[in-house]
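Peer 1: The residues making up each chain are set out below.
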Amino acid sequence: MSQKPTSLSRRDALKWFAGSSAASAIAPAIIAAPNETEQAPPSFPTRSAIYDPNFAKPVYPWEKVLATEELKTANSLADIILPKDALGPAASEVGVADFINEWISAPIDKHEEESEIIRGGLSWLNTESFRRFEKRFEELTPEQQIQIVDDICDATKSKPEHHIGAIFFQHFRSLSISGYYTHSATWKGLGYVGNISIAGPYPGVPDELIKKLGLEDVA
Amino acid sequence: MPLITDRKTKPQYDVIIVGSGAGGGMAALILALNGMKVLMIEAGRNYEPQVETPMFNTPEMAPLRGNKTPGKPFGYYDATVDGGWQVPGEPYTNKEGTEGAFWWWRSRMLGGRTNHWGRISLRFGPHDFRCASRDGLGVNWPMSYDDISPWYDRVEMLIGVYGENSGIENAPDSPPGVLQPAPKPRIGELMAKKAGKKTGVPIVAARRAVLSQPMQGQRLAKELFPNNPKAQEIMALDMSLRAPCFWATDCGRGCSIRANFQSTTVLIPPALATGNLDIITDAMVREVIIGPDGKATGVHYIDKTTRRDVVAKARVVILAASTCETSRILLNSKARDKAGLANSSGQVGKNLMDSVGTSLGSHIPAMENLPPLNEDGAGGIHVYSPWWLVSQHAKLGFARGYHIEMGGGRRMPTVASLAVLDSKSPTTYGSKLKEDARRYYGASFGFAGRGEMIPNKDCYSELDPNVVDQWGIPVLRFHWKWSDHEIKQAEHMQNTFAELIEEMGGKATPKSGRDAIQRPGEIIHEVGTARMGEKASESVTNQFCQTWDVKNLFLMDGSVLPSNPDKNPTLTILALAWRSSEYLMDEMKKGNI
Numbered sequence: 001m002s003q004k005p006t007s008l009s010r011r012d013a014l015k016w017f018a019g020s021s022a023a024s025a026i027a028p029a030i031i032a033a034p035n036e037t038e039q040a041p042p043s044f045p046t047r048s049a050i051y052d053p054n055f056a057k058p059v060y061p062w063e064k065v066l067a068t069e070e071l072k073t074a075n076s077l078a079d080i081i082l083p084k085d086a087l088g089p090a091a092s093e094v095g096v097a098d099f100i101n102e103w104i105s106a107p108i109d110k111h112e113e114e115s116e117i118i119r120g121g122l123s124w125l126n127t128e129s130f131r132r133f134e135k136r137f138e139e140l141t142p143e144q145q146i147q148i149v150d151d152i153c154d155a156t157k158s159k160p161e162h163h164i165g166a167i168f169f170q171h172f173r174s175l176s177i178s179g180y181y182t183h184s185a186t187w188k189g190l191g192y193v194g195n196i197s198i199a200g201p202y203p204g205v206p207d208e209l210i211k212k213l214g215l216e217d218v219a
Numbered sequence: 001m002p003l004i005t006d007r008k009t010k011p012q013y014d015v016i017i018v019g020s021g022a023g024g025g026m027a028a029l030i031l032a033l034n035g036m037k038v039l040m041i042e043a044g045r046n047y048e049p050q051v052e053t054p055m056f057n058t059p060e061m062a063p064l065r066g067n068k069t070p071g072k073p074f075g076y077y078d079a080t081v082d083g084g085w086q087v088p089g090e091p092y093t094n095k096e097g098t099e100g101a102f103w104w105w106r107s108r109m110l111g112g113r114t115n116h117w118g119r120i121s122l123r124f125g126p127h128d129f130r131c132a133s134r135d136g137l138g139v140n141w142p143m144s145y146d147d148i149s150p151w152y153d154r155v156e157m158l159i160g161v162y163g164e165n166s167g168i169e170n171a172p173d174s175p176p177g178v179l180q181p182a183p184k185p186r187i188g189e190l191m192a193k194k195a196g197k198k199t200g201v202p203i204v205a206a207r208r209a210v211l212s213q214p215m216q217g218q219r220l221a222k223e224l225f226p227n228n229p230k231a232q233e234i235m236a237l238d239m240s241l242r243a244p245c246f247w248a249t250d251c252g253r254g255c256s257i258r259a260n261f262q263s264t265t266v267l268i269p270p271a272l273a274t275g276n277l278d279i280i281t282d283a284m285v286r287e288v289i290i291g292p293d294g295k296a297t298g299v300h301y302i303d304k305t306t307r308r309d310v311v312a313k314a315r316v317v318i319l320a321a322s323t324c325e326t327s328r329i330l331l332n333s334k335a336r337d338k339a340g341l342a343n344s345s346g347q348v349g350k351n352l353m354d355s356v357g358t359s360l361g362s363h364i365p366a367m368e369n370l371p372p373l374n375e376d377g378a379g380g381i382h383v384y385s386p387w388w389l390v391s392q393h394a395k396l397g398f399a400r401g402y403h404i405e406m407g408g409g410r411r412m413p414t415v416a417s418l419a420v421l422d423s424k425s426p427t428t429y430g431s432k433l434k435e436d437a438r439r440y441y442g443a444s445f446g447f448a449g450r451g452e453m454i455p456n457k458d459c460y461s462e463l464d465p466n467v468v469d470q471w472g473i474p475v476l477r478f479h480w481k482w483s484d485h486e487i488k489q490a491e492h493m494q495n496t497f498a499e500l501i502e503e504m505g506g507k508a509t510p511k512s513g514r515d516a517i518q519r520p521g522e523i524i525h526e527v528g529t530a531r532m533g534e535k536a537s538e539s540v541t542n543q544f545c546q547t548w549d550v551k552n553l554f555l556m557d558g559s560v561l562p563s564n565p566d567k568n569p570t571l572t573i574l575a576l577a578w579r580s581s582e583y584l585m586d587e588m589k590k591g592n593i
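Line by line, the protein sequences give chains A and B.
Reminder that position 77 of the first sequence reads as 77 in my numbering, one-by-one numbering, no gaps.
Reminder that position 473 of the second sequence reads as 473 in my numbering, one-by-one numbering, no gaps.
If you are wondering where the hints come from, they were derived from the structure by calculation, not from laboratory data.
Don't take every hint at face value.
Stated by the list, open to error - As a list, the in silico BS3-like pairs of lysine-lysine whose alpha-carbon atoms are at most 27 angstroms apart:
(1) K159/A <-> K432/B
(2) K551/B <-> K507/B
(3) K211/A <-> K198/B
(4) K211/A <-> K457/B
(5) K424/B <-> K212/A
(6) K68/B <-> K57/A
(7) K313/B <-> K295/B
(8) K424/B <-> K457/B
(9) K184/B <-> K212/A
(10) K507/B <-> K211/A
(11) K188/A <-> K212/A
(12) K197/B <-> K212/A
(13) K589/B <-> K313/B
(14) K84/A <-> K432/B
(15) K68/B <-> K110/A
(16) K188/A <-> K424/B
(17) K197/B <-> K488/B
(18) K432/B <-> K72/A
(19) K432/B <-> K157/A
(20) K395/B <-> K457/B
(21) K198/B <-> K481/B
(22) K338/B <-> K198/B
(23) K184/B <-> K188/A
(24) K159/A <-> K424/B
(25) K511/B <-> K110/A
(26) K589/B <-> K37/B
(27) K424/B <-> K110/A
(28) K64/A <-> K68/B
(29) K212/A <-> K507/B
(30) K424/B <-> K157/A
(31) K188/A <-> K68/B
(32) K457/B <-> K488/B
Stated by the list, open to error - Each pair of labels, with its calculated beta carbon distance range:
(33) K110/A <-> K230/B: 52 to 58 angstroms
(34) F55/A <-> G591/B: 46 to 52 angstroms
(35) G430/B <-> E112/A: 27 to 33 angstroms
(36) K230/B <-> N195/A: 37 to 43 angstroms
(37) N195/A <-> K10/B: 43 to 49 angstroms
(38) G136/B <-> A56/A: 52 to 58 angstroms
Predicted model, so just to flag it, every value in this text is computed and none were measured.
Note that the Cβ used here is the ideal one computed from N, Cα and C, for glycine as well.
Excised from the complex, chain A in its bound form (with noise of 0.2 angstroms):
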């Protein structure tokens, strides 16, 4: 059964997550015959995206709020969080900027607190970056961009003028740090090794590491 991927009204995904037509009596209609034979109905004859999605072909069921320039600073900002180094891709790379605005943009309460947030938090870097350098953040030079997050990357010792970044640096690295850690591209850097199949046994833990630990009098 073939689904193509929807872009739903922000109400209609509101109501989607409300879940479920109001409560009403259907008049009972015929006593059919037990003894009939028809076809199996269709596989997935209920199928919604929400509630029994096609993992095959997964459908983001509503629009996404951030534009193309604020998706510009997403970016950019997410790139100094989390570079590309010895330890794995850059944000960029492994779409932590799209994971962010897909989250913000979810028809869910704790979402779209967090949506205002980060939308705002971003029109104000750009705003700090024109009052200290006439120019957006992503165009700034990397010194240029490191003299402004040193500034709101420690909420507890930002300046009163610098507050409105700091906590909005403090959400947007949490969600960055989310978003670039489900993709399975991070998770050799991060020492992840799993999802592989093992034939045999689970070989469980090293004798070296189990001596290591002093777990031995219970291995």
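Once you have looked at the hints, place chain B on chain A.
Peer 2: Here is chain B on its own, set in the frame of chain A:
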């Protein structure tokens, strides 16, 4: 290969089974293997684990990186489809005055909730069947451990359970040759075990319905079905075709290689192979039909695809629709007694119980920066703690026990896996942040308790006089109140977990029982709305799940449990369904039904 090909029914069956989960699947298999003509009616859609399970799918292939949503409360890849604590078009309500709303989980799919569960398979123990005699609370079972233990043996052999015999009081051992070997513990589990030694909490191999090695189909089928060559042939082949666990993919997603137990992978395929089972999916049962002689003649269901009303007929009706749905069908059925079908005792809908649940976890410094190790394992726990203070309830201030489930370490990263960085490394960015992520990832461990709740008069379900679902069927209305036993037990759990965590080198602040206890219905172990018992005046069924009022009506799900021991209900539902199906066939042979 679809499980079901045609939507066909015969004019008359030997047995109709409503529901396709643990109880319904087991009854269908046993009856079909013995030549009974069976119709299974399932409210949800057909579900094919072998093609639908997202075995190695990674989060970036999913919306919101696989995070939970209101329609998928356990995450995008959870096996449950068309289910959850809310099902579109099928509301339920909570009665005014309830202390906290009951959450009713449903799985509208073939195989029901067996597609998603922890596979934790613990036998109830001898004390559990005599609970009221021990502490004066609740009621005893109308059977003893000795009555059910041979059926536990059979179920464990049939579905495949890994574990060890630990010789702990009231956590029964299995006979030799029944269990499969348990997988070795992971790092955090070993550390917990060491902490348990210090704090006096025994931590032993878990028992889970997961194959750790191939099944010996020939041997098992011969032992399980003596004198039934056809059953031996079908089961030997089917068991031998199941693959053992390959130590990847969380069991909550289901299992396409059939290594873990689901009704849809273990019970329904061989039942269909007999040729004696028909299945109708997308069929919502409204009521049991009663003939003029007071016996059940069949069921009335709504074909969800056409919205037609249909009656299916049989000599025997088995309800295995899940605890609350089964009592709902009884209450909605027309009977001489206005209180609902099979309800001369007035116990239908009463004695609703869930498990007491609470959890506590912490960052564990000793787990930082360990060499990367594949800790996926069996997709669930490898160790657990059976209740170890069986004889000390007088001192404890609560009457019944709990077991502890535990886990942590290097699981497949989720959206929340590195939330620890918000506190451990709150201001970093760049390569330093990535080094910290590597340091703290997997360095956490947590404990969850599952405790026995005592039935009380304030926990029940009944029909809501004012609301129907989209099929026009009156819905359930719940009422709930925990007793002090549960609240104190939850507090004991919190204190025990905090001790274990401190011993492992972590930091934990235990919560009060009232703050810690999880929502009623949240643990999804609800049982008891049509309990079995010794007498018709006090219970809905006898020990063989046969209703006292209607001889050819059986209830084979969690609804019949008179108590809800801490050991999670699925294994016992399976054992009762098998035992009761044998009794049912005996009674039919004798002409009593």
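Peer 1: Between the alpha carbons of K507/B and K211/A, is the straight-line distance 27 angstroms or under?
Peer 2: Between K507/B and K211/A the Cα gap is close to 24 angstroms, so the pair holds against 27 angstroms.
Peer 1: Does K212/A sit within 27 angstroms of K188/A, going by the straight-line distance between their CA atoms?
Peer 2: Satisfied, since the Cα-Cα distance of roughly 23 angstroms is no more than 27 angstroms.
Peer 1: With a cut-off of 27 angstroms on the C-alpha distance, tell me whether K197/B and K488/B pass.
Peer 2: Holds. K197/B to K488/B sits at ~24 angstroms (cutoff 27 angstroms).
Peer 1: Can you confirm whether the C-alpha distance between K64/A and K68/B stays at or below 27 angstroms?
Peer 2: holds, 18 angstroms
Peer 1: Could you say whether the range 27 to 33 angstroms given as a hint is met by the Cβ separation of G430/B and E112/A?
Peer 2: holds, 30 angstroms
Peer 1: Does K68/B sit within 27 angstroms of K188/A, going by the straight-line distance between their CA atoms?
Peer 2: holds, 25 angstroms
Peer 1: Run the distance test for K212/A versus K507/B: straight-line Cα separation, threshold 27 angstroms.
Peer 2: holds, 22 angstroms
Peer 1: Given the hint that K211/A pairs with K457/B, does the C-alpha gap stay at or below 27 angstroms?
Peer 2: Violated - the C-alpha atoms of K457/B and K211/A are around 54 angstroms apart, more than 27 angstroms.
Peer 1: Are the Cα positions of K68/B and K110/A separated by 27 angstroms at most?
Peer 2: Answer holds: K68/B to K110/A is near 12 angstroms, not above 27 angstroms.
Peer 1: When you check the alpha-carbon spacing of K313/B and K295/B, does it fall within 27 angstroms?
Peer 2: holds, 12 angstroms
Peer 1: Do the alpha carbons of K159/A and K424/B lie within 27 angstroms of each other, as the hint requires?
Peer 2: Holds. K159/A to K424/B sits at ~22 angstroms (cutoff 27 angstroms).
Peer 1: Do the alpha carbons of K188/A and K424/B lie within 27 angstroms of each other, as the hint requires?
Peer 2: holds, 22 angstroms
In the structure shown, a violation is registered for the earlier hints numbered 2, 4, 8, 21 and 22, in ascending order.
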